[in-house]
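Residue numbers (our numbering), protein chains in the order written: chain X, 1 to 287; chain W, 1 to 261.
All the pointers check out, no bait thrown in.
Short derived list, chain W residues pointing at chain X, Cβ under 7 Å: (1) V91; (2) V110; (3) P114.
If you're looking for bench data, these hints aren't it; they were derived computationally from the structure.
Glycine residues also receive a C-beta, built at the ideal position from the N, C-alpha and C atoms.
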Amino acid sequence: MTTPRPYRNAAWVLMLPAALLMGAVGVLPLVSVFNYSLHDIFSLADVLWVGPEWYAEIVADPRFHASLLRSLAFSATVIAVQVPLGVALALMLRGMRGAVFVLMLVALPLVVPWNLIAMMWLGLVDPRTGLAGQAFAAFGIPFDWKENAALTWALLVAMDTWHWLGLSVILSYAGLSGISPDYYRAAAIDGASRLVVLRHVELPKIAGALGIVLLLRFVDSFMIYTEAFALNSGGPDEATWFLAIDLDEEINAFNYGAAAARSMVYFLIVITVIWAFARISAARRAG
Amino acid sequence: MRRWRPLVIVLLAGFILMPLAQTFLLSFMSTLPREGMAEGEWSLINYRAVLASPALMSSIGNSAVYVSINVALCLMAGLPAAYALSRYSFVGDRHFLLLLLAFRATPPVVLSLPIFILFSRFGLVNSPVGIALVHCLFNLPIAIWILEAFISAIPRELDETAFIDGHSLPGFFLRHLIPAVAPGIGVAAFFCFLFSWVEVVFARILTVTAGKPITMAINALFTFQTDIGLVMAMTVVSLLPGLLMIWFVRNHIAKGFTLRA
Chain X
1 MTTPRPYRNA
11 AWVLMLPAAL
21 LMGAVGVLPL
31 VSVFNYSLHD
41 IFSLADVLWV
51 GPEWYAEIVA
61 DPRFHASLLR
71 SLAFSATVIA
81 VQVPLGVALA
91 LMLRGMRGAV
101 FVLMLVALPL
111 VVPWNLIAMM
121 WLGLVDPRTG
131 LAGQAFAAFG
141 IPFDWKENAA
151 LTWALLVAMD
161 TWHWLGLSVI
171 LSYAGLSGIS
181 PDYYRAAAID
191 GASRLVVLRH
201 VELPKIAGAL
211 GIVLLLRFVD
221 SFMIYTEAFA
231 LNSGGPDEAT
241 WFLAIDLDEE
251 INAFNYGAAA
261 ARSMVYFLIV
271 ITVIWAFARI
281 SAARRAG
Chain W
1 MRRWRPLVIV
11 LLAGFILMPL
21 AQTFLLSFMS
31 TLPREGMAEG
41 EWSLINYRAV
51 LASPALMSSI
61 GNSAVYVSIN
71 VALCLMAGLP
81 AAYALSRYSF
91 VGDRHFLLLL
101 LAFRATPPVV
111 LSLPIFILFS
121 RFGLVNSPVG
131 IALVHCLFNL
141 PIAIWILEAF
151 ISAIPRELDE
161 TAFIDGHSLP
171 GFFLRHLIPA
181 VAPGIGVAAF
191 FCFLFSWVEV
201 VFARILTVTA
211 GKPITMAINA
221 LFTFQTDIGL
231 VMAMTVVSLL
241 PGLLMIWFVR
251 NHIAKGFTLR
261 A
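Chain X on its own, in the form it takes in the complex (with noise of 0.2 Å):
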């Protein structure tokens, strides 16, 4: 980006199609969504006007305020093991001949249907016919993570890490390979050490790469579902009960109107997020 890009209106031919399809399977659907939200709706025949009456019933209700924190929790958890770990084994395999293989091997778990995984997980602890799970019988280790709130919590973030480190380490590598080597002669030549050149070369250089896997990492755990409810059903005493399981048994009740004022609170708290995001980068890139 050294020239400017020139000022033409006219690409907006070439953004034509991207454009109509996000209105057609973006725009339009979250606009019906903030309409819904409005409305109490028996069949769709059968509407009410209630106004803001479910937004202001979503924010006061201490199970909602409950789910939020959890939610937020398994995010952060989530973020500062596969973060840190992806960029780390990265570095590891920066200049490692057969880097290609791992990479190809933390990329397996990133092809496994999502309704899947967690039945793969369930299989492997389960104490009878597991491999974990009979390991842990063998050597005489309670795994009671059905009723363990903390064995539950440690499970999903073992199965979480294990579905999505693949995307750290590769997108943090992708970052490490844009890395010209002079850099690195440069370091050494002024004899910087190790922290030094992670501190200001390279991660600096990863960056973007970086940020992409935060904000992908984010939006996905903070909205986890599939995995969360087929592992323990939000349980022990609702310890993994998070939004997306709210949502659903909203749905699932068929309360169209609430699911879909409850819907426009989680989009409003990630575009939140992607917004400050935005803001980070964009002042990152200018400073």
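Got chain X sorted already, so can you dock chain W onto it with the hints?
This is chain W only, laid out in the frame that chain X set:
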């Protein structure tokens, strides 16, 4: 750090492969009480059952069809958009990028209800086209980001010489741009394939009576007496196209592209 490398890789391999190994082992076991067969006996019976089940076999086809349509749509709409965003600035370009980010970040559950109502009005429920369209919601942004990164890495002289040589825009796309960003197209196709293949929320709500994808066919196997071996065999089958894709893009997957957030 270098000294510990082999150990770290062994631990990592163990962690990643264990759940997969478990699935693989169970898929070759008879897991239900059967005449003349002990439970846990090694057998190919599950894979034979997959081949013999029309529901399971057709679900593989259904998934393949909507994923292919989705990848084609994302590349065809994404390439011109990525080119425009990479080469020009215009009214609302930054807002469009923010919009892409916002929709990639929108949880599918949020939009599932209106999409179902909208699509049933246009006869797109139970049809692979419907799922392919709705998966553009999160795949088109990804395709545009990746393609934009690859196109921006190509010097602008390529465009200029082509236009001076008298190429029209479509001619330039076909003869110069597409060959030059072929690796980018491969990487974008890989990620679009990936996220479409593993998605379950839209795939579930948009297939009410027919056109069930592989993931829903597996869900339907859970009954009063689930044949877990059959479930695992079908899971192994569902992983095969993904493994193939990883193999094809292995040399491009982490090479030389930096994403502009």
